[in-house]
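Undergrad: Sequence:
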Amino acid sequence: MLLVLAPFTALVPATSIAAPIPDNAAGIIKTATGSVTIERAGRKTAGTAGAVIMPSDRIVTGADGGAGITLRDETRMALGPNTALEMEQFAFNSTTHEGKLGASVRRGTLAVVSGKIAKQSPAAVKFSTPSSVLGVRGTEFVIDVEGSGE
Numbered sequence: 014m015l016l017v018l019a020p021f022t023a024l025v026p027a028t029s030i031a032a033p034i035p036d037n038a039a040g041i042i043k044t045a046t047g048s049v050t051i052e053r054a055g056r057k058t059a060g061t062a063g064a065v066i067m068p069s070d071r072i073v074t075g076a077d078g079g080a081g082i083t084l085r086d087e088t089r090m091a092l093g094p095n096t097a098l099e100m101e102q103f104a105f106n107s108t109t110h111e112g113k114l115g116a117s118v119r120r121g122t123l124a125v126v127s128g129k130i131a132k133q134s135p136a137a138v139k140f141s142t143p144s145s146v147l148g149v150r151g152t153e154f155v156i157d158v159e160g161s162g163e
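Counting from 14, one number per residue, gives the positions in the sequence shown under the numbering used here.
Do not take every clue at face value.
Stated by the list, open to error - Restricting the straight-line Cα-Cα distance to at most 25 Å, the calculated cross-link-like pairs of lysine-lysine (BS3-like) are:
id: 1; residue 1: K139; residue 2: K113
id: 2; residue 1: K139; residue 2: K129
id: 3; residue 1: K113; residue 2: K132
id: 4; residue 1: K113; residue 2: K129
To be verified - Between beta-carbon pairs, the in silico distance windows are:
id: 5; residue 1: R56; residue 2: K113; range: 20 to 30 Å
id: 6; residue 1: P35; residue 2: R56; range: 16 to 26 Å
id: 7; residue 1: E111; residue 2: E159; range: 30 to 40 Å
Note that these hints are calculated values from the structure, not bench results.
Glycine residues also receive a C-beta, built at the ideal position from the N, C-alpha and C atoms.
Put together the whole structure using the sequences plus the hints.
TA: So this is what it looks like as structure tokens:
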């Protein structure tokens, strides 16, 4: 797994976030290369470093794209080229570390290092693909979805 994960971990720095993420946001794009788009409420914006990710956003990378995202609970995600990630649910209490995280990988590759929600309550974190639902029981994993997945 480390061989698969290694190309993506460089996208997500292990350092803490310099500026706080707004309480209503899910996270922030820490790194972006090539084509990265955020789709929110029917509008598309460039996914650049520092862009805020909301709980219902869709993040799409192009053939030359990649993005490193850090969520408020310190979950780190690295999106590879040609990836579509839909944030379906995110809630996090920074005091109790309780919350919920739900996301769907429609296509492409996503590497994840789980954060405080998964450590507090692994059952509260779910990632899905067009053909499966994954519950988090560990700290690092990779999802690879072939085809369009749309």
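Undergrad: Of the numbered hints stated previously, which ones are contradicted by the structure, given in increasing order?
TA: none
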